Every structure is written in structure tokens, then in C-alpha cells.
Amino acid sequence: MGGINKDIKLIDENGKRIDGRSFNELRPIKIEAGVLERADGSAYIEWGNNKIIAAVYGPREVYPKHMQDPSRAVLRARYNMAAFSVDERKKPGPDRRSIELSLVISNALSSVVLLEQFPRTAIDVFIEVLQADAGTRIAGLTAASVALADAGIPMKDLIVGCAAGKVDNTVVLDLNKEEDNYGQADLPVAIIPRTKEIVLFQMDGDMTFDEVEMGLNMAIDAALKVYELQKDALRRKYINLAQEDEQQ
1 MGGINKDIKL
11 IDENGKRIDG
21 RSFNELRPIK
31 IEAGVLERAD
41 GSAYIEWGNN
51 KIIAAVYGPR
61 EVYPKHMQDP
71 SRAVLRARYN
81 MAAFSVDERK
91 KPGPDRRSIE
101 LSLVISNALS
111 SVVLLEQFPR
121 TAIDVFIEVL
131 QADAGTRIAG
141 LTAASVALAD
151 AGIPMKDLIV
161 GCAAGKVDNT
171 VVLDLNKEED
181 NYGQADLPVA
191 IIPRTKEIVL
201 FQMDGDMTFD
211 EVEMGLNMAI
221 DAALKVYELQ
231 KDALRRKYIN
241 LAQEDEQQ
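When we follow the working numbering, the leftmost residue of the sequence shown carries the number 1, and every step to the right adds one.
Quick caveat, the hints were computed from the structure, so don't treat them as lab data. These figures come from a predicted structure and were not determined experimentally. Just so it is clear, CB atoms sit at the ideal spot from N, CA and C, and this is done for glycine as well. Heads up, a few of these hints could be off.
Said to hold, decoys possible - Here are the simulated distance ranges between beta carbons:
id : residue 1 : residue 2 : range
1  : Arg97     : Glu37     : 24 to 34 Å
2  : Ser22     : Lys65     : 51 to 61 Å
3  : Asn49     : Leu114    : 33 to 43 Å
4  : Glu37     : Asp206    : 43 to 53 Å
5  : Arg120    : Asp19     : 44 to 54 Å
6  : Leu224    : Asn14     : 24 to 34 Å
7  : Leu241    : Lys9      : 47 to 57 Å
8  : Gln243    : Glu13     : 44 to 54 Å
Claimed, not checked - DSBU-like cross-link-like pairs, simulated, lysine-lysine; straight-line CA separation at most 30 Å:
id : residue 1 : residue 2
9  : Lys16     : Lys225
10 : Lys30     : Lys231
11 : Lys16     : Lys177
12 : Lys237    : Lys196
13 : Lys237    : Lys30
14 : Lys225    : Lys156
15 : Lys177    : Lys9
16 : Lys196    : Lys231
17 : Lys16     : Lys51
18 : Lys51     : Lys177
19 : Lys30     : Lys177
20 : Lys51     : Lys30
21 : Lys51     : Lys9
22 : Lys225    : Lys177
23 : Lys231    : Lys51
24 : Lys225    : Lys30
25 : Lys156    : Lys231
26 : Lys51     : Lys225
27 : Lys30     : Lys9
28 : Lys51     : Lys196
29 : Lys30     : Lys156
30 : Lys51     : Lys237
31 : Lys237    : Lys156
32 : Lys65     : Lys156
33 : Lys237    : Lys225
34 : Lys196    : Lys177
35 : Lys9      : Lys225
36 : Lys51     : Lys156
37 : Lys196    : Lys30
38 : Lys30     : Lys16
Using the sequences plus the hints, can you model the full thing?
Structure follows, in C-alpha cells:
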């Protein structure tokens, strides 16, 4: 969070945010499954002005062999922001933030994938942020979950998330770039929809206990709406495959 900038009014006198949304409104979201032919599974997401692609490879043999786990697969996620994804060109390659988010996303995905079915293997998940507009970790995780399902890897459920935050002393849903830069707090949340179990919960900034509770509830309700978009993306992919098979 960039702290409050007094010159920027993020919520107007009518309660409308800088992009015209109300406090509890999601940005537009589009999800496509199976976008990369050579990956075992893939997905593309546009969430606001975020554009992110996720690819899954595996389960496949682990190299070097000493990294194998005889009882379960190793799930490795790599989150990366392309150098051209932000206004000021980012230095290519992993930085401290991307390494931390890769670990956070690995842990979240490992909570739903049935890793014990694939001992001594690795499942590699690559998340590439092509254009960044706040909330990339949640959008990337949401796309990665669809990519895993597209790869046919057994899971307890998809993982889906949303962020809430605090802007101009107001708890709002799904921060955009300006709100993320100049607001007071950011609260990314990811859940397993069927059980509502929280698998990712972070906070950057200052919120009271009541504000955190309100933001958490808003984020969970919104995540359940995004969950329907995930399922719809997978449904469309397999309807298209079935139609192609019929035509052949």
C-alpha cells in the first residue's frame, strides 16, 4: 500500500469509486480454460486490467531425484511478473516478492490437490502476469486452479479468491491499481469454496478488527461468484471438445 495521497479522492460524495464501482462491486472478470496447446493444463484470466496466464505441467518425474517425496507429489508454483507488465519496466527474473508469492500460492494449491496419488513426481504451475492492475496474486491463484483442473489433476475442489481493502476510510471490494497504491489497506483472501476453508489470508495496511471482519465476509461472498466463472470456463472447454469430437 502506498499510503493516503491527499490529492487523490478515491471515493466521491455519491459513494462511487474512481472507476465508477460501488463499494462492494467486482471488476469485470473473464476466464478461459485450455489456452495453451503444449501445456498439460492452462488458463487465462482478465480481472479488471490484469491479464494473467497459468500453465500446468505434470505430474512428471522429479529432477534432481533427491527432491522426490516417496509418499506424495511435490507441487511447485512459480509466480512471475513480466518486465512489461507494469508502467515502470520491472527488472526481469525473480525478486523477493515473486519468490514469497510463489511459496504462498504453492501452499494454497497443495491444500486441495490430491498429491498422495502421485508419489515421487512433481506438478509444476507457472503463473505469468502479462499486465498488472492490483490483485495479481489472487487472480493468478484463481487461474492456476482452473489450469490444474484443465490438466485433469484430481483436487478436493477449486481454489478461488478475492481481495478487499480500505480506501478513504471505507471498506471496499476488489481494489484497483489506484486504490492499491493510495488506499489504506489491502486484504487478499482465498478459499476452498465447498468448505469455505481459508487457504490464503494476508493483510497490508491498517484495519480495525471490525473492518477486517467486514472485508473478509465481502471477499468470501465475492469469491463464491468468481467460483461460478471458474466452473463455467471449464464447462465451456469440455463442451467445445465434445463438439469437436462429434464433428470428426
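We went through each hint and held it up to the structure:
no. : hint                       : verdict
1   : Arg97 x Glu37: 24 to 34 Å  : 31 Å, holds
2   : Ser22 x Lys65: 51 to 61 Å  : 54 Å, holds
3   : Asn49 x Leu114: 33 to 43 Å : 35 Å, holds
4   : Glu37 x Asp206: 43 to 53 Å : 46 Å, holds
5   : Arg120 x Asp19: 44 to 54 Å : 48 Å, holds
6   : Leu224 x Asn14: 24 to 34 Å : 28 Å, holds
7   : Leu241 x Lys9: 47 to 57 Å  : 49 Å, holds
8   : Gln243 x Glu13: 44 to 54 Å : 51 Å, holds
9   : Lys16 x Lys225             : 22 Å, holds
10  : Lys30 x Lys231             : 12 Å, holds
11  : Lys16 x Lys177             : 16 Å, holds
12  : Lys237 x Lys196            : 26 Å, holds
13  : Lys237 x Lys30             : 14 Å, holds
14  : Lys225 x Lys156            : 19 Å, holds
15  : Lys177 x Lys9              : 14 Å, holds
16  : Lys196 x Lys231            : 16 Å, holds
17  : Lys16 x Lys51              : 25 Å, holds
18  : Lys51 x Lys177             : 13 Å, holds
19  : Lys30 x Lys177             : 18 Å, holds
20  : Lys51 x Lys30              : 10 Å, holds
21  : Lys51 x Lys9               : 26 Å, holds
22  : Lys225 x Lys177            : 22 Å, holds
23  : Lys231 x Lys51             : 19 Å, holds
24  : Lys225 x Lys30             : 12 Å, holds
25  : Lys156 x Lys231            : 14 Å, holds
26  : Lys51 x Lys225             : 19 Å, holds
27  : Lys30 x Lys9               : 28 Å, holds
28  : Lys51 x Lys196             : 26 Å, holds
29  : Lys30 x Lys156             : 24 Å, holds
30  : Lys51 x Lys237             : 19 Å, holds
31  : Lys237 x Lys156            : 20 Å, holds
32  : Lys65 x Lys156             : 28 Å, holds
33  : Lys237 x Lys225            : 19 Å, holds
34  : Lys196 x Lys177            : 27 Å, holds
35  : Lys9 x Lys225              : 29 Å, holds
36  : Lys51 x Lys156             : 27 Å, holds
37  : Lys196 x Lys30             : 23 Å, holds
38  : Lys30 x Lys16              : 23 Å, holds
Taken one by one, the earlier hints all hold for this structure without exception.
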